[in-house]
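All chains, full assembly: derive it from the sequences and hints.
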Amino acid sequence: MTLTRWQRPESSFSPFRRVASLRDEVDSLFNLAFGRLTGTNGGENGRGSQLLEGWFPAVDVYEDKDNLLVKAELPGLKKEDIEISLHEGFLTLSGERKQEQAREGAEVYRSERWAGRFHRTISLPCRVEADKIQATYNEGVLAVTLPKAEEAKPKQIQITVK
Amino acid sequence: MNAVAQKEERSVRPEAAPQERPYVSPNVNIIESKDGYTLEAEMPGVAKDGLDISLEENVLTITGRRQPDPSVNLLYRESNPVDYRRVFELDPSIESARISAQIEQGILTLTLPKAEKVKPRRIEVN
Chain A
1 MTLTRWQRPE SSFSPFRRVA SLRDEVDSLF NLAFGRLTGT NGGENGRGSQ
51 LLEGWFPAVD VYEDKDNLLV KAELPGLKKE DIEISLHEGF LTLSGERKQE
101 QAREGAEVYR SERWAGRFHR TISLPCRVEA DKIQATYNEG VLAVTLPKAE
151 EAKPKQIQIT VK
Chain B
1 MNAVAQKEER SVRPEAAPQE RPYVSPNVNI IESKDGYTLE AEMPGVAKDG
51 LDISLEENVL TITGRRQPDP SVNLLYRESN PVDYRRVFEL DPSIESARIS
101 AQIEQGILTL TLPKAEKVKP RRIEVN
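Chain order of the listed sequences is A and B.
Counting from 1, one number per residue, gives the positions in the first sequence under my numbering.
Counting from 1, one number per residue, gives the positions in the second sequence under my numbering.
Don't read these hints as lab results, they were simulated from the structure.
Just so we're clear, the structure is a prediction, and the values are computed from it rather than from any experiment.
Each statement offered as a hint is correct.
Keeping only pairs whose Cα atoms sit at most 25 Å apart, straight-line, the calculated PhoX-like set for lysine-lysine is: (1) K79/A - K132/A; (2) K117/B - K34/B; (3) K65/A - K155/A; (4) K48/B - K78/A; (5) K114/B - K34/B; (6) K79/A - K48/B.
See the structure below:
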């Protein structure tokens with residue numbers, strides 16, 4: 001599966017979680033200071049080193065016999081902010097969340113949420129019917145249902161013995 | 001001044017008891033204005049009925065239970081299938097009775113107003 005960038009998600013059980021937390025805290029400090037240059041913020045979920053890369057939403061891929069299902073965690077957007085496109089067997093999800101302008105008299109005390117552009121390209125494991133793709137966006141999760149092309153669905157083949 | 005400080009995450013230690021559920025800490029933004037604090041927590045996959053916000057003394061605990069995974073074949077996963085939890089210690093200047101919460105598209109927004117007497121105010125001179 002082709003991805004733009006792969007980063008190991010950190011397991012909650014990792015014995016290095018504390019060290020990673022410290023690293024993420026330092027990343028957060030740097031991102032607070034330099035965040036405006038790069039438009040991104042560090043986070044506590046193991047994706048802290050996004051300094052120059054943009055946000056990296058988590059994507060899961062499921063299938064049943066008729067459809068592929070791609071889910072992406074994209075909290076806090078409006079559906080107009082998300083673009084979905086399909087090209088030659090690659091599904092691309094992209095969009096932007098604008099950094100909120102600080103209100104008059106308000107002071108940012110802690111800033112961990114992501115902001116800026118995101119762009120993920122997922123290689124699909126089989127052919128799909130492009131004009132029947134549907135997408136929903138609920139609870140901050142984008143769910144894209146891609147019906148498999150007829151030839152991609154599993155078929156039983158009868159064996160005849162002469 | 002540390003008005004809102006984060007408490008230690010109990011359940012992330014490797015030696016945690018097996019019956020303790022692991023949690024992941026949601027990213028938050030906290031903004032302070034003269035009227036109070038606004039806290040935004042990112043919890044994708046959590047609906048209103050999966051949300052639990054409790055306040056004991058001055059300790060605020062936010063727990064978000066995710067919707068269950070689709071019951072179809074998983075090919076590839078990057079998301080962390082654990083629930084969200086984060087604990088905060090609130091400054092006494094926050095008026096707990098007037099804390100309000102709403103959740104939209106996976107973002108929990110908590111409004112924590114400061115008590116009236118703490119706000120800066122002008123004192124008129126006769």
